[in-house]
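> Each protein sequence line maps, in turn, to chains A, U, Z and V.
With my numbering applied, the first sequence covers 343 to 754.
With my numbering applied, the second sequence covers 343 to 754.
With my numbering applied, the third sequence covers 343 to 754.
With my numbering applied, the fourth sequence covers 343 to 754.
Don't take each hint at face value.
Pairs count within a copy or across copies, as identical chains cannot be separated in the list.
[As the list claims (entries may be wrong)] DSS-like cross-link-like pairs, simulated, lysine-lysine; straight-line CA separation at most 27 Å:
hint: 1; residue 1: 745; residue 2: 444
hint: 2; residue 1: 369; residue 2: 347
hint: 3; residue 1: 670; residue 2: 690
hint: 4; residue 1: 642; residue 2: 630
Calculated directly from the structure, the hints in this document are not laboratory data.
Remember, it's a predicted structure, so these values are computed and weren't measured experimentally.
4 protein chains.
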Amino acid sequence: MEKKKYNKIVLAYSGGLDTSVLIPWLKENYGAEIIAVSGNVGQGTELDGLEEKALKTGASKLYIEDLTDEFVNDYVIPTMQAGATYEQYLLGTSFARPIIAKRIVEIAKKEGADAICHGCTGKGNDQVRFELAIQAFAPEIDIIAPWRFWELNSREKEIAYAEAHNIPLKINKETNYSKDKNLWHLSHEGLDLEDPANEAPINKPGFLEMSVSPEQAPDVPTNVTIHFEKGVPTSVDGVEMTPTQIIEKLNEVGGANGCGILDIVENRLVGMKSRGVYETPGGTVLYKAHEKLEEITLDKETQHYKQSLALKFADLVYNGQWYTPLRKAMTAFVTSTQETVTGDVTLKLYKGNIIPVSVTSPYSLYSAGMATFDEDDCYDQSDSAGFIHLFGLPLKVRALKAKEVEDFPGVE
Amino acid sequence: MEKKKYNKIVLAYSGGLDTSVLIPWLKENYGAEIIAVSGNVGQGTELDGLEEKALKTGASKLYIEDLTDEFVNDYVIPTMQAGATYEQYLLGTSFARPIIAKRIVEIAKKEGADAICHGCTGKGNDQVRFELAIQAFAPEIDIIAPWRFWELNSREKEIAYAEAHNIPLKINKETNYSKDKNLWHLSHEGLDLEDPANEAPINKPGFLEMSVSPEQAPDVPTNVTIHFEKGVPTSVDGVEMTPTQIIEKLNEVGGANGCGILDIVENRLVGMKSRGVYETPGGTVLYKAHEKLEEITLDKETQHYKQSLALKFADLVYNGQWYTPLRKAMTAFVTSTQETVTGDVTLKLYKGNIIPVSVTSPYSLYSAGMATFDEDDCYDQSDSAGFIHLFGLPLKVRALKAKEVEDFPGVE
Amino acid sequence: MEKKKYNKIVLAYSGGLDTSVLIPWLKENYGAEIIAVSGNVGQGTELDGLEEKALKTGASKLYIEDLTDEFVNDYVIPTMQAGATYEQYLLGTSFARPIIAKRIVEIAKKEGADAICHGCTGKGNDQVRFELAIQAFAPEIDIIAPWRFWELNSREKEIAYAEAHNIPLKINKETNYSKDKNLWHLSHEGLDLEDPANEAPINKPGFLEMSVSPEQAPDVPTNVTIHFEKGVPTSVDGVEMTPTQIIEKLNEVGGANGCGILDIVENRLVGMKSRGVYETPGGTVLYKAHEKLEEITLDKETQHYKQSLALKFADLVYNGQWYTPLRKAMTAFVTSTQETVTGDVTLKLYKGNIIPVSVTSPYSLYSAGMATFDEDDCYDQSDSAGFIHLFGLPLKVRALKAKEVEDFPGVE
Amino acid sequence: MEKKKYNKIVLAYSGGLDTSVLIPWLKENYGAEIIAVSGNVGQGTELDGLEEKALKTGASKLYIEDLTDEFVNDYVIPTMQAGATYEQYLLGTSFARPIIAKRIVEIAKKEGADAICHGCTGKGNDQVRFELAIQAFAPEIDIIAPWRFWELNSREKEIAYAEAHNIPLKINKETNYSKDKNLWHLSHEGLDLEDPANEAPINKPGFLEMSVSPEQAPDVPTNVTIHFEKGVPTSVDGVEMTPTQIIEKLNEVGGANGCGILDIVENRLVGMKSRGVYETPGGTVLYKAHEKLEEITLDKETQHYKQSLALKFADLVYNGQWYTPLRKAMTAFVTSTQETVTGDVTLKLYKGNIIPVSVTSPYSLYSAGMATFDEDDCYDQSDSAGFIHLFGLPLKVRALKAKEVEDFPGVE
């Protein structure tokens, strides 16, 4: 395939082998200057030494963008407030892609680049998430996705190419799972996980990174208390923190107690099923705390409708449709529901269990007196007869009609 | 209140204090013969000595109806196949009421009774579930619900009345939680649980009955393998069993490993929130196994739609709307989805955790080759470019339009 | 029944027979001063002479509250933007009740009243709508609903009582339909309409009031152009008007052309079906215009999700749940979707038909070039092969699996 | 592009220019024998002379498959029972594609063909519908879609090619709309319709084919009575007919009275909006009749849930996902709801209006006595007080709580 020429290409760069080999390859094939961009969404040490590496490999510049707080405040928290999970998955990779793509577009515009390149393969969801975000902000820019078409399509060729171009081969793919890490989670795919008949090696040393397995966790539980204001976590165990700090703190304590490990076969947007093991220690604790607080502060109708909205919200996030009018409108809905989600939740973390200990809120709709056997001022038990008569009226009418008509279908 | 006279009243009878006092009271107030009916849905020893007790208290007859297999096959399994949970609650009490009410109606018709009496209070869901089922099958029969209006509305009066009528007072309500038990679950309400700020005493000896707490569970995990045929469990660890036997077996092993304890504040149908602790050891294991099998045997569209249908299905079950055209139509939907839900699921039970070990099915839609990095015959990675272009087209069109129009709302 | 005494009762007063007889009856039975309140939501001439009538009948004061603009801006328009219809019904009575009840509560508080009385029967929806709104704003106030329990429960007794108390009997109920009128609509119930086997007499002179029937409408069509800004109508045929004036104008032109007549059997909240004929001439035209504008300004995902949200929104409005957190959150959703719903819609009104003539918007997402057969810059037809391959991949995987397995269920 | 060689290609053939030119082109490019297949789904005279034409153009065989009854019974009626419309569109083309594709696969298998070719462009929905069905039944067969990639991509080139190959040019595309016709409907796209600012020329002679416009329809209305058994239409005006005959009859009478013309901008599956004018005279009448019958025979919960299910059902049909487990499960749901949908519906057709005249059913759930003002045996008006108290309890609890707490959010 004859390739178009570009002046400047902005590359989404992680420092791993798959994006490192792209630098010389893009230069050779498109004749372009390469601007590498790494978005820091809390992946930690993965960013050390990145600049040197990028420049050595041929990039003319590396941007390391600290997006952590924006990631947490504008993407993670709104999704947590929605209670959105995709087939139970807490969307860790899903909402990291749009924010990185958005920043890459900003840099591409500033740099006057004429193309954006990413290192996603043609089989995953990330290509969609990256490209949808790019299209939303820069519909005119070209997108290059070499892993969908290029000639280095085997491990051997890739390694040979890397060696020929002096790219360090720290990672040995054959013996490593495919991983994605950020502040919120770490995902594991590939190798023996590819067969759902195989148990995930969560007890094997070195497999888990953010957490230990339930079996490895201490025998003594740890309690943790989270305070929320209007659905936003504001303190842990009485210490005020930013949401980012709270997630860090909960990662620590949740991970130490074996919380938040998920092993599922999920349905990718691009049509196939895949198996993943996810560590989301702090996120899982936070979701549970928020859910417990909503139990006492939201009315039934809001809670139930929100449950079904969360299913669609999760689809949008998973599918990379963050920058859409529908996601935005759903967030307006969710934000409105959060105005009374204020209070304290204490959870006991014990060997993978997250056990509710205490939930309180100044805006609690729970009324002990009303639920109990005893009399109270607000509830007259004789009301329930009337309630049942009308609630059951359609059934009664049908049953009465059925007595008048022979063989009324569906009525015994 | 002047009371109508009846010839024969059929009473839903548990043998507890609340239904025992109803026998003399109904006779005194309505001048009727009392036929007591107890439905066995697996509550176990609670049924011992019941006949003697009922007759002694003044009933002229006691029916003990063994409904366990019908309960499991026609109510529990279809609900489990739907994946229905009401605010996470596994509906243990909810689907037990309709089957008992249905049998009571059958007996009332056989006996020529002119009224049915139940011992539910005016604050709970069970009154609704009982009465809706009665209305569906016998819209013409009178229903008496003394706990909604009668004069024995304090614990003291009830006890005094019981003593005056020689009714044994085995149960001391003041120090006991309100419980409901059957094969599927055991619920706990009342006392200190009434304040969501109080931790449920799951580690306190004697509180839990079907299970131990995660902390009390053994340090060694137990694996269990369940086989399903078209969504129905047919064997455990290779031993063929009826669904009832499977639930018994899973209760044993799940309960021993601290699985299936749920502590929630839920929204009752009659308008208030209440707090309950539920033990559903076998049920929770069974739901998880079934869910894991669906992960590999259902396609995405079916799985996702089923998730939202399950929310409504759970509402119907919780609300006592079992005998409605909608519940029936939903079951037709669910049954259709189960035709490929055949296979084996192995789960590891460990201190409250239910960890997937292995999932296999002859009808698995999971294709390892397709999900991986490597090439395969069925998936051409270049297809994804086209997919993304069309999937993202609405976003791109909007972004392009926004470039032509000043201040296009919602586009940066 | 012994009745409680009150000092001051605020009465929701329409001037019709059913609320007129309540004034002397309330005074006699509760010994209270009666403050009558009529809310003007555009019912027009029904309000003439009302004050004289109320005072003559025994009220100490009559408030006539002009709520029309608030009704239109805060209730009608947000519901129209949601596209909400309840079983096709445009909710005319439904959203009029909450605003009136809210104002009545305000007056009750100002007047220091200790009870509120309404004239709704026990079989309709309006009692629910009134009382839910009252409970939301004054949970402590008593509500009196005489039509649910009183002794004047036949037409004869009511008329005798009215004559004995010098209440004018302008309306002869026996020969009149039950009607409810406001700016938005007029409903008809009762008499021969009660049997769905009877044709509604829409061609009978005097039946319809806001409109003529399609058969009676002129042979020449009328075009009308409505401009919207962010989902709010702001002009008709180029003349700027308030939303209230726009509805008046559209009532005129829509009614003259036989538009907006609906004849349905609907499901009341209180459990039974009822038959109603509704005239909503301007409203029906406005809904259609708004819908046509959304067709070109909303993206598919937003449009489709909004369709399903509208079903629940309509339930809430119909059920009187206007002042709930869920309705409020849904309005936040809808408002967010309206930011691009700006443009012009021309409709042809012809003998009951509302035919689209022209739709334009500066924010249109419609791109003529893209939809046509011919080439364009933005759409590469070869993309669709990739799209189809991935969109259809689950089907293909299933079909391929089915070839490997004998008797794969559901695959021929 | 180098093309693969095939022995035998089965071509979906309509006889129009776009599929006619494919015959010589496929032979030249793939060296294959061409088997043409036309599916008769009621498009009428379009099929005359087709065999001669196909053979003359180079096909070795033409199959004309009469699929009309299967189309109506297995595709149209189940969709009508679901009440499914896609953005109001009655899905005429959508469900015709899967049945034709299914038969083409059968013929391809019988003939031992190694590829299937269709004449859909890369911008429409039909390519998806065809190919999904082919993948479902023959995942291994190659699909050729020349209009997505070929060199005859302008009208001029196509005509030149046709003339060079002696293909008759009956149709002059430049002055004709793009149309799709079958028993159920006729669609119009293209030319001046491409701009939603242009009025559809429905009054222009020759535009409409199955119907006249409302303005052209007679001044005298026509009544029509349809009988249904379990949701299937079985007679019109007392004359028993097959569903196919009923649609023919209703097309005649509905079309003569200007019924069933729809003019919308819709969202195609492949990402863009398009404008279409649809004639569905009989179908629109049938949908309305069925809907009226459901109004009195379905209970509220079923009706409402079915409304939301219909939205997804329509998506599946529109998107070509007919042969999916989800569509099948949804049909199981719908079928279950139809068991009481038996009765008679009379509609008045008048200049585009479809006005209900009478609805009756032996299984009607409508009870006149219950809805009216007067007393009845089944409904005790005092029940509604209890109903309202519990239905409104969440609102009341919230309002009471708000009185205890300062600045309770969301409560005035």
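> Hints first: check each against the structure and report whether it holds.
We went through each hint and held it up to the structure:
{"no.": "1", "hint": "745 with 444", "result": "between (66 Å within a copy, 17 Å between copies)"}
{"no.": "2", "hint": "369 with 347", "result": "within (10 Å within a copy, 39 Å between copies)"}
{"no.": "3", "hint": "670 with 690", "result": "neither (34 Å within a copy, 35 Å between copies)"}
{"no.": "4", "hint": "642 with 630", "result": "both (18 Å within a copy, 26 Å between copies)"}
Checked against the numbered hints given earlier, the structure breaks only hint 3 and satisfies all the rest.
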